[in-house]
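Here the protein sequences come in this chain order: A and B.
Counted the way my numbering counts, the first sequence spans residues 23 to 106.
Counted the way my numbering counts, the second sequence spans residues 316 to 704.
Just so you know, these hints were derived from the structure itself, not from any lab.
Glycine residues also receive a C-beta, built at the ideal position from the N, C-alpha and C atoms.
Don't take every hint at face value.
Stated by the list, open to error - For lysine to aspartate or glutamate, the following EDC-like pairs were computed, each having C-alpha atoms within a straight-line distance of at most 16 angstroms:
#1 Lys70(A) x Asp47(A)
#2 Lys70(A) x Asp627(B)
#3 Lys678(B) x Glu688(B)
#4 Lys604(B) x Asp579(B)
#5 Lys604(B) x Glu583(B)
#6 Lys70(A) x Asp630(B)
Claimed, not checked - Cβ-Cβ distance ranges computed for the label pairs, FRET-style:
#7 Asn73(A) x Asp471(B): 53 to 63 angstroms
#8 Ala460(B) x Asp49(A): 38 to 48 angstroms
#9 Gln657(B) x Lys70(A): 20 to 30 angstroms
#10 Gly455(B) x Asn57(A): 17 to 27 angstroms
#11 Asn73(A) x Asp390(B): 17 to 27 angstroms
#12 Gln334(B) x Phe51(A): 39 to 49 angstroms
#13 Gly539(B) x Asn57(A): 43 to 53 angstroms
#14 Arg98(A) x Glu368(B): 39 to 49 angstroms
#15 Leu53(A) x Thr427(B): 56 to 66 angstroms
#16 Lys70(A) x Gln334(B): 47 to 57 angstroms
#17 Leu53(A) x Gln359(B): 25 to 35 angstroms
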Amino acid sequence: MDNDVRAQIHGFIASRYPHASIGDDEDIFSLGFVNSLFAMELVMFIEKNFNIRIPNEELRIDNFRTTTRMAELVERQAVAVGQG
Amino acid sequence: MTITDVPRSGTVLAEPAGQVTDRDSARRFVDHHIAPFAAAFDRQEYLPDELLEAMSTAGLWAPFLPPDTGGRGLDLVTLGAIHEEVGRGCSSVRSLLTVHTMVAWAVRRWGTAGQQARWLPRLATGAVLGAFCLTEPQTGSDATAVATTAVRRGGDWRLTGVKRWITGGQRAGLFLVFARTEHGVAAFLVPRDAPGVRVTPIGGLLGTRASMLAEVTLDDALAGPDALLGPDGFSSGMVLTGTLDLGRYSVAAGCVGIVQACLDACTEYTSCRTIRSAPLRDLQLIRAKITEMVTDVTAGRLLYQRAGALKDAGDEATLRVTLIAKYFAARAAVRHAGEAVQIHGANGIGADYPVARLYRDAKIMEIIEGSSEIQQITIADEAYRRSTK
Chain A
23 MDNDVRAQIH GFIASRYPHA SIGDDEDIFS LGFVNSLFAM ELVMFIEKNF
73 NIRIPNEELR IDNFRTTTRM AELVERQAVA VGQG
Chain B
316 MTITDVPRSG TVLAEPAGQV TDRDSARRFV DHHIAPFAAA FDRQEYLPDE
366 LLEAMSTAGL WAPFLPPDTG GRGLDLVTLG AIHEEVGRGC SSVRSLLTVH
416 TMVAWAVRRW GTAGQQARWL PRLATGAVLG AFCLTEPQTG SDATAVATTA
466 VRRGGDWRLT GVKRWITGGQ RAGLFLVFAR TEHGVAAFLV PRDAPGVRVT
516 PIGGLLGTRA SMLAEVTLDD ALAGPDALLG PDGFSSGMVL TGTLDLGRYS
566 VAAGCVGIVQ ACLDACTEYT SCRTIRSAPL RDLQLIRAKI TEMVTDVTAG
616 RLLYQRAGAL KDAGDEATLR VTLIAKYFAA RAAVRHAGEA VQIHGANGIG
666 ADYPVARLYR DAKIMEIIEG SSEIQQITIA DEAYRRSTK
């Protein structure tokens with residue numbers, strides 16, 4: 023997996039929650055402070071930063087639980103764009 | 316401003332023709348088709364068909380949609396300028412434009428290819444108007460408490476519940492309805508002519524009296540097999556968040572338009588009205604109020620333009636900036652509309668000048684698309700979220 027993708031996502035989350043220490047495989051929803059505004063920010067950040075469009079069927083909570091899962095989502099969509 | 320009665324049908328609305336593509340063309344359209352009639356719209360609690368058709372001809376309804384769906388691919392900064400100009404002329408018209416914009420944007424952002432093919436061309440031209448249905452008789456700011464239900468039966472979505480205070484509901488052909496499913500609150504596209512949909516006009520409002528509000532009753536309404544818009548479950552909140560974000564953007568721009576209208580009315584009035592043989596404008600206390608209006612209309616405009624530029628760039632910071640822009644502009648509109656009435660004195664409380672209407676309309680802006688108090692909570696929460704302490 024592209025560590026740079028993972029680092030950028032981690033950096034974004036850390037910038038929004040600077041008081042929290044979040045590991046790449048830690049469930050951000052279990053921390054209790056993720057709201058719909060942040061969820062939308064997260065989707066917009068990923069789409070803009072990695073130049074992809076996340077289809078509705080990929081907007082599942084499991085794809086956004088951890089930094090690693092989000093990085094996997096980015097890789098899947100990047101491949102889909104490349105093949106498209 | 317002279318009050319002109321507008322018949323419910325007729326030929327009062329004619330030139331100029333042509334497309335509205337920027338602030339200047341929007342200003343010309345508003346000064347010809349909207350501003351001279353705003354008082355009559357307000358008194359009659361009605362927007363004439365001729366105006367809505369003129370807006371279609373001018374391409375005003377959803378110019379931000381891409382050309383292949385019937386729009387012109389207009390950037391959102393320019394869209395904000397157009398909504399500001401419409402808000403300067405009449406907040407009722409701008410309110411219809413706002414909710415239509417929200418629905419068209421949501422279908423564009425979250426719709427399937429089939430939903431987009433079915434609805435976007437008609438939303439682009441205004442052949443079908445959209446309305447946003449979230450609020451219920453017992454539920455306002457707390458979207459998680461929505462009681463309207465959506466169930467899948469025989470392959471079709473069926474919705475049951477009551478939506479209240481629905482802007483444009485009297486005229487809309489497509490309702491974007493938020494309803495509870497087994498997974499949470501999701502968005503549904505419900506045609507007005509779907510079996511089980513009933514629309515009841517609401518009148519006698521404090522402000523935006525011509526925004527043609529309605530109560531929409533869904534009695535096991537048959538919305539069809541492809542009514543669900545966007546994801547169901549965890550992500551459905553994003554449909555609501557994104558749609559409200561665009562609504563707040565439009566309202567912020569419209570509120571700047573209200574302040575501009577207050578400023579225009581007050582500079583004109585204080586230049587003509589005299590006290591002790593001198594125009595009111597010579598009084599320093601009047602100049603202080605004018606200065607505050609100039610400052611806030613400039614600041615409000617810069618705020619929504621910044622939010623629009625971030626939207627055009629796809630930058631997630633637009634969500635926070637739009638919240639701030641709407642909060643600032645709505646409060647400024649209420650404050651300055653109050654001052655505008657004060658400056659006009661007794662003339663300010665009657666119908667011969669626009670400021671009483673501006674005052675009533677401005678108050679609505681502190682309530683819709685997130686009340687000022689809810690936005691205070693959200694904006695402060697964001698500050699604490701970003702705090703390192």
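Hint check:
With a CA separation close to 23 angstroms, the supplied pair Lys70(A) and Asp47(A) exceeds the 16 angstroms bound. Between Lys70(A) and Asp627(B), the direct Cα distance comes to roughly 11 angstroms. Compliance with the 16 angstroms bound is thereby established for this hinted pair. Using a Cα cut-off of 16 angstroms, the hinted pair Lys678(B) and Glu688(B) holds, with the two alpha carbons roughly 13 angstroms apart. Proposed proximity of Lys604(B) and Asp579(B) is supported: the alpha carbons are some 13 angstroms apart, at most 16 angstroms.
Restraint check: the Cα-Cα separation between Lys604(B) and Glu583(B) comes to about 14 angstroms, which is no more than 16 angstroms; the hinted pair holds. Using a Cα cut-off of 16 angstroms, the hinted pair Lys70(A) and Asp630(B) holds, with the two alpha carbons roughly 7 angstroms apart. Restraint check, Asn73(A) to Asp471(B): a C-beta distance of roughly 38 angstroms breaks the suggested window 53 to 63 angstroms. The hint said 38 to 48 angstroms for the Cβ distance between Ala460(B) and Asp49(A), and at roughly 26 angstroms that hint is violated.
Separation of Gln657(B) from Lys70(A) is about 46 angstroms and departs from the stated range, judged on CB atoms against 20 to 30 angstroms. At roughly 18 angstroms, the beta-carbon separation of Gly455(B) and Asn57(A) lies within the given 17 to 27 angstroms, and the hint holds. For Asn73(A) and Asp390(B), the Cβ-Cβ distance of about 19 angstroms falls inside the hinted range of 17 to 27 angstroms, so the restraint holds. For Gln334(B) paired with Phe51(A), a C-beta distance near 46 angstroms keeps the hint of 39 to 49 angstroms intact.
For Gly539(B) and Asn57(A), the hinted distance range of 43 to 53 angstroms is not satisfied, since their beta carbons lie about 32 angstroms from each other. At roughly 47 angstroms, the beta-carbon separation of Arg98(A) and Glu368(B) lies within the given 39 to 49 angstroms, and the hint holds. Between Leu53(A) and Thr427(B) the beta carbons are some 33 angstroms apart, a value that contradicts the proposed interval 56 to 66 angstroms. Between Lys70(A) and Gln334(B), the C-beta spacing of about 30 angstroms breaks the proposed range 47 to 57 angstroms.
In this structure, Leu53(A) and Gln359(B) break the distance hint of 25 to 35 angstroms, their C-beta atoms being roughly 54 angstroms apart.
In this structure, the hints that do not hold are numbers 1, 7, 8, 9, 13, 15, 16 and 17, in rising order.
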